[in-house]
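**Student:** Single-letter residue listing:
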Amino acid sequence: MRCEFADSLLQSYFDRELSSSSAAEFERHLQRCVYCPVELVDMDMLSERLQFAQLYEAAPASLRKKIRANLRPVAAATATSQPLLWHWLAAAAALLLIVIAGWRVNSVVRTDDYQAELAEEIVDAHVLSLQSGHLTGISSNDEQAVKGWFKGRVKSAPPARDFATEGFALQGGRLDVVDERSVAVLVYASTGHLINVFVWPTQGRDTSPQVGSRQGYQWVDWRKGRIEFCAVSDAPTSDLQQLQRLFTN
Amino acid sequence: MSDLDAEDRLRFEQLVLPHLDAAFSLARWLLRKREDAEEVAQEALLRACRFFRGFHGGDARAWLLQIVRNTCYSWLEKNRPRELMVEFNEELHPQAVATPESMAIANEDRERLSRALESLPPRFREVLVLRELEGCSYKEIAAITSIPIGTVMSSLSRARRQLSSVLTSSYHKEAVREV
Numbered sequence: 001m002r003c004e005f006a007d008s009l010l011q012s013y014f015d016r017e018l019s020s021s022s023a024a025e026f027e028r029h030l031q032r033c034v035y036c037p038v039e040l041v042d043m044d045m046l047s048e049r050l051q052f053a054q055l056y057e058a059a060p061a062s063l064r065k066k067i068r069a070n071l072r073p074v075a076a077a078t079a080t081s082q083p084l085l086w087h088w089l090a091a092a093a094a095l096l097l098i099v100i101a102g103w104r105v106n107s108v109v110r111t112d113d114y115q116a117e118l119a120e121e122i123v124d125a126h127v128l129s130l131q132s133g134h135l136t137g138i139s140s141n142d143e144q145a146v147k148g149w150f151k152g153r154v155k156s157a158p159p160a161r162d163f164a165t166e167g168f169a170l171q172g173g174r175l176d177v178v179d180e181r182s183v184a185v186l187v188y189a190s191t192g193h194l195i196n197v198f199v200w201p202t203q204g205r206d207t208s209p210q211v212g213s214r215q216g217y218q219w220v221d222w223r224k225g226r227i228e229f230c231a232v233s234d235a236p237t238s239d240l241q242q243l244q245r246l247f248t249n
Numbered sequence: 001m002s003d004l005d006a007e008d009r010l011r012f013e014q015l016v017l018p019h020l021d022a023a024f025s026l027a028r029w030l031l032r033k034r035e036d037a038e039e040v041a042q043e044a045l046l047r048a049c050r051f052f053r054g055f056h057g058g059d060a061r062a063w064l065l066q067i068v069r070n071t072c073y074s075w076l077e078k079n080r081p082r083e084l085m086v087e088f089n090e091e092l093h094p095q096a097v098a099t100p101e102s103m104a105i106a107n108e109d110r111e112r113l114s115r116a117l118e119s120l121p122p123r124f125r126e127v128l129v130l131r132e133l134e135g136c137s138y139k140e141i142a143a144i145t146s147i148p149i150g151t152v153m154s155s156l157s158r159a160r161r162q163l164s165s166v167l168t169s170s171y172h173k174e175a176v177r178e179v
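Chains C and G, in that order, give the protein sequences. Residue numbers for the first sequence follow our numbering, beginning at 1 and rising by one. Residue numbers for the second sequence follow our numbering, beginning at 1 and rising by one.
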């Protein structure tokens, strides 16, 4: 048996699509109705089951490769085309940036899947740092002081640079764990947003920035001079790329 | 694809490519086969790229999913027209799945859910996938599928009930078999 009267409201209520006043009204109906509460529980169980079964299927690496290959017949086009982009990108948002440097993360050869996994881990570390309030081991905007703090803690100090005049102010640094290894983290700040950039030594060649997003956080990953960087934030990707350019130039 | 200039190509990479997983997942559930999904998702991305100049801001995910969905439907029309006509696919009606005992319960349930989901008509499958797996709002689903919000709601309601009843009947079959 079902309550036909409330059918569409029941769905909207369950999916949190009702306005607060309509939701309150529907809750009054729930107190009287014998069918709706049962159906709500059923829907909730079904939804939970769908989530738990992990039915979401990520795109295979082969598809990603094919699309990238289609998109960039000449891989070398990237470096020269980037400056054009910055003309129209909004330069407004000010940022808080964290650079996490994982000096020992192995990344000589890796697949897109590996990168996606790594980005996932880095996003999680970013979120955790926000939740725990453990943002910096050293709190300073002094490049030398931050570099000095990392000496002895990681094999070689990450390139701590203050970009305050460009809108990315150095806040400090800390250590974090990525890929089961202890890594260094640099923290930058500006208004409104928070960015994590993970940095670690790599044997790989320089790469143009790769971008992605996960759970509302954006990441940009690039390699330059045997160092890999991965910036993470809730700020727009364009801001992360602006920062990437500051590091690269 | 390469007729985009460098600036547009970068915009495309930043705005659209992050939603490739969502695009593939929707295609996979609409077409039920990974190989087909890969082919159609690629075609959809090519199409998205071709018309990217026409995209001015807005929700890139909804925009891409709309293209993916339409590409899937036209592919189905061409290759498996019957699927679009049936209200409920008896052939796909889930049977109790024989899984090795060692297989985790979660895997078993995943298999059962996959089959149940695949047995729903595509129109029901898509609203469920968009809502439950992709986390889209009713408004986004309406934009992606070009159906009114009221219809989104009633489709979701029917889809959920049908999925539940398919799952229940597959349990019953299994129970009978065990007896």
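I should point out that these hints are in silico values taken from the structure, not numbers from a laboratory. Certain hints may be false.
The calculated DSS-like cross-link candidates involving lysine-lysine, where the alpha carbons are at most 27 angstroms apart (straight line), are [unchecked claim]:
hint, chain 1, residue 1, chain 2, residue 2
1, C, Lys-66, G, Lys-139
2, C, Lys-224, C, Lys-151
3, C, Lys-66, G, Lys-78
**Student:** Could you run down the list of hints and mark each one as holding or not?
**Tutor:** Hint check:
1. Of the pairs offered as hints, the one joining Lys-66 of chain C and Lys-139 of chain G is violated, with about 32 angstroms between alpha carbons and a cut-off of 27 angstroms exceeded.
2. The suggested pairing of Lys-224 of chain C with Lys-151 of chain C holds, with an alpha-carbon distance near 21 angstroms, which does not exceed 27 angstroms.
3. Under the criterion of a C-alpha separation no larger than 27 angstroms, the hint pairing Lys-66 of chain C with Lys-78 of chain G is consistent with the structure, at around 24 angstroms.
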